[in-house]
Each structure stands twice: as structure tokens, then as C-alpha cells.
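Protein chains: 2
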Amino acid sequence: MGSYEELISYFEDQLSKQAFGYQPGELYAPINYTIRLGGKRIRPILTLISCELFGGKKEEALSQAIAIELFHNFTLIHDDIMDNAPIRRGEETVFKKWNANIAILSGDTLFALAYQYAQQARIDILPETLSVFSKTAIEVCEGQQFDLNYENSNNVSVEAYIEMIRLKTAVLFGASLKIGALVGGAKIEDANSLYDFGINIGLGFQLKDDLLDTFGDEEVFGKKTGGDIISNKKTFLYLKALELADDQTKAELIELYNTNKLSDQDKTQRVKEIFTELGVDQSANSLIDTYYMEGMKKLDTISISEASKDILRDVAHRMIDREK
Amino acid sequence: MGSYEELISYFEDQLSKQAFGYQPGELYAPINYTIRLGGKRIRPILTLISCELFGGKKEEALSQAIAIELFHNFTLIHDDIMDNAPIRRGEETVFKKWNANIAILSGDTLFALAYQYAQQARIDILPETLSVFSKTAIEVCEGQQFDLNYENSNNVSVEAYIEMIRLKTAVLFGASLKIGALVGGAKIEDANSLYDFGINIGLGFQLKDDLLDTFGDEEVFGKKTGGDIISNKKTFLYLKALELADDQTKAELIELYNTNKLSDQDKTQRVKEIFTELGVDQSANSLIDTYYMEGMKKLDTISISEASKDILRDVAHRMIDREK
Numbered sequence: 008m009g010s011y012e013e014l015i016s017y018f019e020d021q022l023s024k025q026a027f028g029y030q031p032g033e034l035y036a037p038i039n040y041t042i043r044l045g046g047k048r049i050r051p052i053l054t055l056i057s058c059e060l061f062g063g064k065k066e067e068a069l070s071q072a073i074a075i076e077l078f079h080n081f082t083l084i085h086d087d088i089m090d091n092a093p094i095r096r097g098e099e100t101v102f103k104k105w106n107a108n109i110a111i112l113s114g115d116t117l118f119a120l121a122y123q124y125a126q127q128a129r130i131d132i133l134p135e136t137l138s139v140f141s142k143t144a145i146e147v148c149e150g151q152q153f154d155l156n157y158e159n160s161n162n163v164s165v166e167a168y169i170e171m172i173r174l175k176t177a178v179l180f181g182a183s184l185k186i187g188a189l190v191g192g193a194k195i196e197d198a199n200s201l202y203d204f205g206i207n208i209g210l211g212f213q214l215k216d217d218l219l220d221t222f223g224d225e226e227v228f229g230k231k232t233g234g235d236i237i238s239n240k241k242t243f244l245y246l247k248a249l250e251l252a253d254d255q256t257k258a259e260l261i262e263l264y265n266t267n268k269l270s271d272q273d274k275t276q277r278v279k280e281i282f283t284e285l286g287v288d289q290s291a292n293s294l295i296d297t298y299y300m301e302g303m304k305k306l307d308t309i310s311i312s313e314a315s316k317d318i319l320r321d322v323a324h325r326m327i328d329r330e331k
Numbered sequence: 008m009g010s011y012e013e014l015i016s017y018f019e020d021q022l023s024k025q026a027f028g029y030q031p032g033e034l035y036a037p038i039n040y041t042i043r044l045g046g047k048r049i050r051p052i053l054t055l056i057s058c059e060l061f062g063g064k065k066e067e068a069l070s071q072a073i074a075i076e077l078f079h080n081f082t083l084i085h086d087d088i089m090d091n092a093p094i095r096r097g098e099e100t101v102f103k104k105w106n107a108n109i110a111i112l113s114g115d116t117l118f119a120l121a122y123q124y125a126q127q128a129r130i131d132i133l134p135e136t137l138s139v140f141s142k143t144a145i146e147v148c149e150g151q152q153f154d155l156n157y158e159n160s161n162n163v164s165v166e167a168y169i170e171m172i173r174l175k176t177a178v179l180f181g182a183s184l185k186i187g188a189l190v191g192g193a194k195i196e197d198a199n200s201l202y203d204f205g206i207n208i209g210l211g212f213q214l215k216d217d218l219l220d221t222f223g224d225e226e227v228f229g230k231k232t233g234g235d236i237i238s239n240k241k242t243f244l245y246l247k248a249l250e251l252a253d254d255q256t257k258a259e260l261i262e263l264y265n266t267n268k269l270s271d272q273d274k275t276q277r278v279k280e281i282f283t284e285l286g287v288d289q290s291a292n293s294l295i296d297t298y299y300m301e302g303m304k305k306l307d308t309i310s311i312s313e314a315s316k317d318i319l320r321d322v323a324h325r326m327i328d329r330e331k
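Protein chains in written order, with the working numbering: chain F, 8 to 331; chain D, 8 to 331.
Bound-form chain F, shown alone:
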């Protein structure tokens, strides 16, 4: 089986050969723009890897890998409208470069294109893979809605946050692995265990994202840290800090997130001080470890070789022990 890097290069190559429609250009230019912008391609690679782990060929899982990558890109286009985000992957977002209507409609089209790939699964697994795909799509929307709700709420628990990132982020990792496994010929029990592995690693992945955005090394991270703090994003770090802080610090933190008294730099510095004093970076790391261990336990139950499990352990490390 190919290395992670070989699979990425295979996937990029195949993706670049796909034609995603032509006319009207206003609809397809943003789709091609978004897909060509790149990204880590983690999700489709998970699909290819898990197919191969169960004895399938990567080519057999390609349509499913593309389906998942297109779906992911569709969610980014729509999320960027909702979050009013001007930049994605260092370039203008679709709704900024074109407009909101075009972003809505090219997103919708991309969603349907994703299904055109998803429905190419082998007939004996088609109902099951489609069922995973649609259930996941709905859950990702639910996660995004919870995320929007929490923006305007001062009463979000850490537990609710974890459930939100499970829906918004982790389920798609689980689905990528499960669908790949089904294509590869996995028994449903193994595919489900791999799904659970993906959920745990996905939760760890998002918590690591929260950590890097605040405490990352800017040179390695490749962009300025503190973005979540400046935009008052209620990440794990913030919510855990509210949970652990005394009344005075809690009041200060809430004020920092609800007023604009300090400059971005001063605000970021003060919030990071509070986070560090309360040790929420440690809490995050410890929770990431918990999810990692939980994921490993799920892996133990799957009937594949130790060498294959090592490949998945490597994937888990890439997703969690990253610095960017």
C-alpha cells in the first residue's frame, strides 16, 4: 500500500482530472476555484487508506474519496458566508470574491456533485455508504447550527461544545474511514469501529486546532495566532477557562470577550495569560490524549494486522501531534 504522501499525490492528480461542469461560468468558476485551493485533503486520504487496509484498491475508493472532499468543500463555501469570513487557505473566500448568492448556489451545486460521486459506490454497499454519507451531511449541518447558536450565547458548557465539534468536524472523519472500509470489503462491525476511531481522532484534531490557534508557533503554524481570541470564538480553551476560573477572573474573561476595550494584541496577550494561569492548555492536551487513547482502544477491536493498525496510528499522530 502507498505511503500517506503517495496517496495525497495520487488523490490530487485524480482530482485535477475531474471536470465539474462548465456553464454557467458564474456557478462553476467558484467550484473549481475552491477545489483547486487545496487544503490538507485528510478526509479523502482517510477513505483511500481505510479501503486499502481491508484489501481494496485505492482506485475503487476514489469516487467516495472525491465525494467526501467535495462535500467538505461545499460546507466551507457555505460556512464562510455564515461566518462572514473573508479569507480561506490564504485566498479570498467565494462569497467575498464573487458574492453571497453565487456562494449559496455554487455550494448547493457542489453538494449535488458530491452525491454524483457518492452514488457511484458498488451496488452491494451503495445503500449503506449513502446512508452514512447523508446522515453525516445532516449532522455536519446540525453542528454548524449549534456553532452559530453558541456565538450568541454566554451559557455554553464544555460538554455542549464537545458535542458541537463532534457533529461539525468529527463525524466526517468517522464517515470518511467507514465508507473507505466498506469499499475495501470490511465487515460492518469493523467499519463501525473504524468510525468510532475516526470520531475520537476527529475530536482530538479539532481540540488541537483550538490549541494551535492560540498557542501555536506562528512560524510553523504559517499564520498569526490569536485569531479565535480576537473573534471571540468560544473554543474549548475559553469554555474550560470559564469553568475553572474564580468569579473575578471569569468576569474579566467575559468582559474581554464582550467589549473592545483593549487592542487585539493586548487582548490576546491577557487572555493567553489567563488561559495559562488556569492551565486550560494542559486540560486540552489531556483531553486530546484521552480521545487518542479511546481511538486506539477502538482500533484494537478491528480485525486487521498490526502493520495495518500502525498505519492508522500514524494517521492519528498526523492529525493530533501536528504543529500546523
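One or more hints might be untrue.
Note that identical chains are pooled: a pair holds if it fits in a single copy or bridges any two copies.
[Stated by the list, open to error] Okay, derived cross-link-like pairs now, DSSO-like style, lysine-lysine, Cα gap no bigger than 30 Å in a straight line:
| no. | residue 1 | residue 2 |
| --- | --- | --- |
| 1 | K331 | K231 |
| 2 | K24 | K240 |
| 3 | K304 | K142 |
| 4 | K104 | K231 |
| 5 | K274 | K331 |
| 6 | K104 | K47 |
| 7 | K231 | K64 |
Bear in mind the hints are in silico, worked out from the structure with no lab data behind them.
Keeping the supplied structure of chain F fixed, place chain D upon it in accordance with the hints.
For chain D alone, coordinates are given in the frame of chain F:
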């Protein structure tokens, strides 16, 4: 087989028994609101009818009929954002009643829910019905994009307009019939002929919509006429008028649609006068007849009884010879 009215009542009853999710409420309340608002339910009824015409039971086509109705409602939610439309079916649109973000996201969810029903087709026809469903979804998006493009263009031909309404409106009628036929056990050739029948009737349906919006009897139509004129919509009537008018009238018409010199009432009255002088209402009626006849020709090629064809002829009449 049941009458049209019996099928509507069966469908409404079954639709009302479906649960479309619960949490978060911000996501599912707009979905349930939209579906309960009603509408003519023409598309799902076409699916049920065409299933029965080929010997299937309406119950077998229910999931496909629901899929199509959910998809149609999804497009309405997103179209209303793009068109900045405050009212739909006499009630506030989702984006007005809630907000644009909720309308985007509840629309996305509804699209995925539609697929959850679409993927319940019998395994032997699943690849074909899904293929029709996704292709249609993409074409409807393309049609909407052309519609948006034409809003800001002064150079739209009647031909381009017809292609736009084919994509935006007619293909979904074709798909509704074709998918129902496949569920009912139709040969692919018959299903395709029924699709073509649907396209023609769908084109007639939309042209009739254009006519009623301008020349309808307000009491029967149930709302004020002239809406398309007031909102400067480039309907068949307008585009055909530009095609037929002398230079002076053409300039007047373009000015009427590009400035706000006259009151809504005076503008509507003057535009209607021009339309009537040029006879574009007659042109529309004559084109509707052409599409109707074309649809009937397609019907002739299908291997079902004359009694069954009468049912489809009745459907065509309902869609085209309506006053509201």
C-alpha cells in the same frame, strides 16, 4: 388508481407523518415550517401517478415523491434568499422570519434529507433514480444561476429564457415523472419518453405562470397581478415584446424596466398595454400550445393504455389550463 385529489390527500397525510429532525430547533423549525406551508404538491403527485400508470403501488413511490417535494422546498428556501423575497405562499419566507444564515443551513439540511428519501429506492433501480435525481438537482441550480445572471443583463434572448426555465423548472417535472415510472417498473425508453413529456408540460407550466402573473384574474389567481412587471422580471412576455417591438416601443419598455418614473400601478398598466398591442400574450399561449402538443406526441410513444394516457392528459391540462 386514485384520483388526483385522492393522491394529494394521501401524500399530504403521509408527509405530515414524517419527522424531519428535532435538535437544534433553529435548523428544524424552518424546515417543518416550509413543508407545512403547503403548495400545490404537483411534483410528488406526478411521481405517484406515473408509478401507478406502470403498475406500481403509490406506497412504493412515496419515498421518491417525498424526496422530490423536499428537494423542491429546499430550492425555494435558498431562492428566496437570493431573490430577497419576503413572502412565499402568503407567509414570511424563512430568511425573513429567521435570518439568511438559518435559511442557508436549513436549506442545506433539507437537501440532505431529500437524499435520505431518494436513497430508499429499490436496489435494482437505485443507481438510475439517484442519477436522475442528482442530475436534476444540478440542472435546477444551473437554471437559477442563469436566472440571476439575466436579472442584470439587457441582452437575453427568448431562446436563452426558455433554456433557463427548462433547467430551473421543467427538468424537475420530467424527473418526477421519470423516477415514478422507474419505481412502477417502466422500461427505460418509456421512462425517458415520460421525462420528455414532463419537460414540455413543465415549459408550458412556467409560461402559464408568466401569463397569469400579468394577465390573470386577480380574484381567481388569489393575489395581485403585475408582480413580475413591478420587479422588472424578464419573463417570456417582456423578452418577446422586445423582440417584436419597433425601436420606439422597445426603448420605452426598456426605460420602464430600468427607471422608477411611474408608480407601480401606472407602470403595470402601460406595460400591459404594450404587451397587448404586441400580442405577446397570444405568443405565449401559442407557445404553450406547441409545448402541449409536443408533450402529447411523447405520450403517444409510451406503451401504456389509452386510459392511462388520459390521466396524464388530465395532468397536463391541470398544469397548463389553470387560472391560478
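Verification of the supplied hints:
1. K331 <-> K231: Classified as within: same-chain Cα gap 11 Å, cross-chain 59 Å, threshold 30 Å.
2. K24 <-> K240: neither (38 Å within a copy, 39 Å between copies)
3. K304 <-> K142: Intra 25 Å, inter 42 Å, cutoff 30 Å: intra-copy only.
4. K104 <-> K231: For K104 and K231, only the intra-copy Cα distance (22 Å) is at most 30 Å; the inter-copy one is 38 Å.
5. K274 <-> K331: Answer is within; shortest intra-copy Cα gap is 23 Å, inter-copy 60 Å.
6. K104 <-> K47: Within one copy only: 22 Å inside a chain, 38 Å across chains, cut-off 30 Å.
7. K231 <-> K64: So K231 and K64 fail the 30 Å test inside a copy (40 Å) and across (61 Å) alike.
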